[in-house]
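*Asks:* Chains as they are written, first to last, in our numbering: chain A, 1 to 309; chain B, 310 to 618.
Don't read these hints as lab results, they were simulated from the structure. Every residue gets a Cβ at the ideal spot worked out from N, C-alpha and C, and that includes glycine. A couple of the hints might just be wrong.
Far from chain B, by Cβ distances over 10 Å, these chain A residues were calculated [what the hints assert, rightly or not]:
id, residue
1, Gln22
2, Met24
3, Ala103
4, Gln135
5, Ser139
6, Arg154
Stretches of chain A that chain B covers, calculated by requiring three or more beta carbons in the stretch to come under 8 Å of a beta carbon on chain B [stated by the list, open to error]:
id, region
7, 84 to 96
8, 180 to 187
9, 202 to 211
10, 222 to 234
11, 254 to 265
Number of protein chains: 2
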Amino acid sequence: MALTVVGSIAFDSVRTPFGERQRMLGGSAVHFALAASFFTDVRVVGPVGDDFSGEHLEVLAGRGIATDDIERVAGGETFFWRGHYEHDMNVAHTDDTQLNVFAEFEPKLSARSCEAQMLFLGNIQPDLQRDVRRQSSASFAALDSMNLWIETTRDSLLAAIAEVDCLLLNDAELRMLTGRPNLAQAARAAIAIGPEVVVAKRGEYGAALFTADEAFAIPGLPLEDVRDPTGAGDSFAGGFLGYLDAVRVSGLHDDRALRQAMAYGSVMASFNVEDFGTARVAGLSEAEIAERLTAFKRLTHFEETAILR
Amino acid sequence: MALTVVGSIAFDSVRTPFGERQRMLGGSAVHFALAASFFTDVRVVGPVGDDFSGEHLEVLAGRGIATDDIERVAGGETFFWRGHYEHDMNVAHTDDTQLNVFAEFEPKLSARSCEAQMLFLGNIQPDLQRDVRRQSSASFAALDSMNLWIETTRDSLLAAIAEVDCLLLNDAELRMLTGRPNLAQAARAAIAIGPEVVVAKRGEYGAALFTADEAFAIPGLPLEDVRDPTGAGDSFAGGFLGYLDAVRVSGLHDDRALRQAMAYGSVMASFNVEDFGTARVAGLSEAEIAERLTAFKRLTHFEETAILR
Numbered sequence: 001m002a003l004t005v006v007g008s009i010a011f012d013s014v015r016t017p018f019g020e021r022q023r024m025l026g027g028s029a030v031h032f033a034l035a036a037s038f039f040t041d042v043r044v045v046g047p048v049g050d051d052f053s054g055e056h057l058e059v060l061a062g063r064g065i066a067t068d069d070i071e072r073v074a075g076g077e078t079f080f081w082r083g084h085y086e087h088d089m090n091v092a093h094t095d096d097t098q099l100n101v102f103a104e105f106e107p108k109l110s111a112r113s114c115e116a117q118m119l120f121l122g123n124i125q126p127d128l129q130r131d132v133r134r135q136s137s138a139s140f141a142a143l144d145s146m147n148l149w150i151e152t153t154r155d156s157l158l159a160a161i162a163e164v165d166c167l168l169l170n171d172a173e174l175r176m177l178t179g180r181p182n183l184a185q186a187a188r189a190a191i192a193i194g195p196e197v198v199v200a201k202r203g204e205y206g207a208a209l210f211t212a213d214e215a216f217a218i219p220g221l222p223l224e225d226v227r228d229p230t231g232a233g234d235s236f237a238g239g240f241l242g243y244l245d246a247v248r249v250s251g252l253h254d255d256r257a258l259r260q261a262m263a264y265g266s267v268m269a270s271f272n273v274e275d276f277g278t279a280r281v282a283g284l285s286e287a288e289i290a291e292r293l294t295a296f297k298r299l300t301h302f303e304e305t306a307i308l309r
Numbered sequence: 310m311a312l313t314v315v316g317s318i319a320f321d322s323v324r325t326p327f328g329e330r331q332r333m334l335g336g337s338a339v340h341f342a343l344a345a346s347f348f349t350d351v352r353v354v355g356p357v358g359d360d361f362s363g364e365h366l367e368v369l370a371g372r373g374i375a376t377d378d379i380e381r382v383a384g385g386e387t388f389f390w391r392g393h394y395e396h397d398m399n400v401a402h403t404d405d406t407q408l409n410v411f412a413e414f415e416p417k418l419s420a421r422s423c424e425a426q427m428l429f430l431g432n433i434q435p436d437l438q439r440d441v442r443r444q445s446s447a448s449f450a451a452l453d454s455m456n457l458w459i460e461t462t463r464d465s466l467l468a469a470i471a472e473v474d475c476l477l478l479n480d481a482e483l484r485m486l487t488g489r490p491n492l493a494q495a496a497r498a499a500i501a502i503g504p505e506v507v508v509a510k511r512g513e514y515g516a517a518l519f520t521a522d523e524a525f526a527i528p529g530l531p532l533e534d535v536r537d538p539t540g541a542g543d544s545f546a547g548g549f550l551g552y553l554d555a556v557r558v559s560g561l562h563d564d565r566a567l568r569q570a571m572a573y574g575s576v577m578a579s580f581n582v583e584d585f586g587t588a589r590v591a592g593l594s595e596a597e598i599a600e601r602l603t604a605f606k607r608l609t610h611f612e613e614t615a616i617l618r
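Chain A extracted, bound-state conformation:
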């Protein structure tokens, strides 16, 4: 089992009502890889600049993540994002984005990254996602995207979505992509584009999964201390796909495995928001993950009793 992720490796400067941090390690590939590393072997593909130190690399390598496909661009600077959150932590306000080495990124997957049986295409320009999909021989590929690409490169994005098995999007973006305000209809329209599995990420409200035959939904854990939601969606995707890769033997179209994967995705996202950047997820123990899964089970459990009059 192995899982390749292509996406941004970034420095994030983030301000929330609970504090401020400068140039933390971040980016979709980083948050995804750390979460997935608790379940399966992960390989990260993406560019960094000279400012990316051995210490940053060690955060990934320390979790057993293969970093040999991280391309260091001489004379370049690492992708940078600055943003803040007001009291409504569901909304990220972007203050600055510097593509830097990402502007010229031409993904080149090593043989081992190509061979991984599962592929996650993090939120990057959809033509890059398609390029990576073509190089990979993964039997299951998932894709994340955002409003920017829906608005500016819609046709490329639709082509990229048609070539993957699983689409993950925020629910508002799923509605935007399909032009359907009703989520169940939006999911059906997304499945018609090509993917067999569609996951709607719903922020604090949790996430919902749709296939042609089934629907599953899980609420978010009501946490009293949410410090930094940056990367929560990618941590979700990491737990979700990491678990699916780990139980690969059960088959991809195993409804039971998809539901469990949604729960593990929710677990990893719930940890992600508890501290700034990668601090919480990078330092997790397996016992904490198991305990949090039990918390989700407890949060959602009810008995089916018939007591109508």
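Dock chain B against chain A, hints included.
*Replies:* Only chain B this time, still in chain A's reference frame:
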């Protein structure tokens, strides 16, 4: 077992992207009573005008609901609401509200309505809610409210909330009431006012329940056909409290019963939105309710398996 509800009995004119209806039977007490009537004996208290016909009364009486505390005000007109929904069916736009007989409403509960062991104070002016609470000898009282009362009669509302056992509010209103954007913190602050149970209604995202020790959350059922969300919150409350009244023998502080009640509330709300006004709920069969409960169980079920590496 018996459950008294005080709230509006109304005529609603509603337009949604899926059609338009004039002067349908509606109001918080009506939607609540119809949903609760599948679980327990329900008594409705509230005023109507000369325009309220025997046919309207029969919708309630046909479900076995006691209507003898519905006060007919000679020469008066029934409460009227006109509103519409755009494609985002989560947001109701009010176009007209005519209090009519409600403007002079002084609740007078009959002996039988006073004696019901459970009381629901639908969304009306909080001083009226307090007046009713004082008349009732219910051992468990629940209250719903809205942004209007939070903004205009905050002190009365806080006093009313302090006198009930259960508070039901939209999650945005719970945040507004407590000044806490974090839902778990908002729920804790609401419990500090007095109620032992706080329910946050979350529209299409479902609902969450908080007590001092426990949290429970259930997502909404992803329905492809949502025709009219008016009354969904009251249908939820009717299923929730109706079930709690029915299983009264288990005790009010039974975590298991509260979870099941949340599921039945969700079931009744999911039916409410499938057609205009009271059409869907008033005509339900017990088999449909049982089947929908199974659908919620299927929607939310996952197995707790430990398969970390």
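*Asks:* Each hint needs a verdict: does it hold in this structure or not?
*Replies:* Each hint tested on the structure:
| no. | hint | in the structure |
| --- | --- | --- |
| 1 | Gln22 | 25 Å, holds |
| 2 | Met24 | 22 Å, holds |
| 3 | Ala103 | 36 Å, holds |
| 4 | Gln135 | 27 Å, holds |
| 5 | Ser139 | 20 Å, holds |
| 6 | Arg154 | 20 Å, holds |
| 7 | 84 to 96 | holds (count 3) |
| 8 | 180 to 187 | holds (count 6) |
| 9 | 202 to 211 | holds (count 6) |
| 10 | 222 to 234 | holds (count 4) |
| 11 | 254 to 265 | holds (count 5) |
The structure agrees with every numbered hint stated previously.
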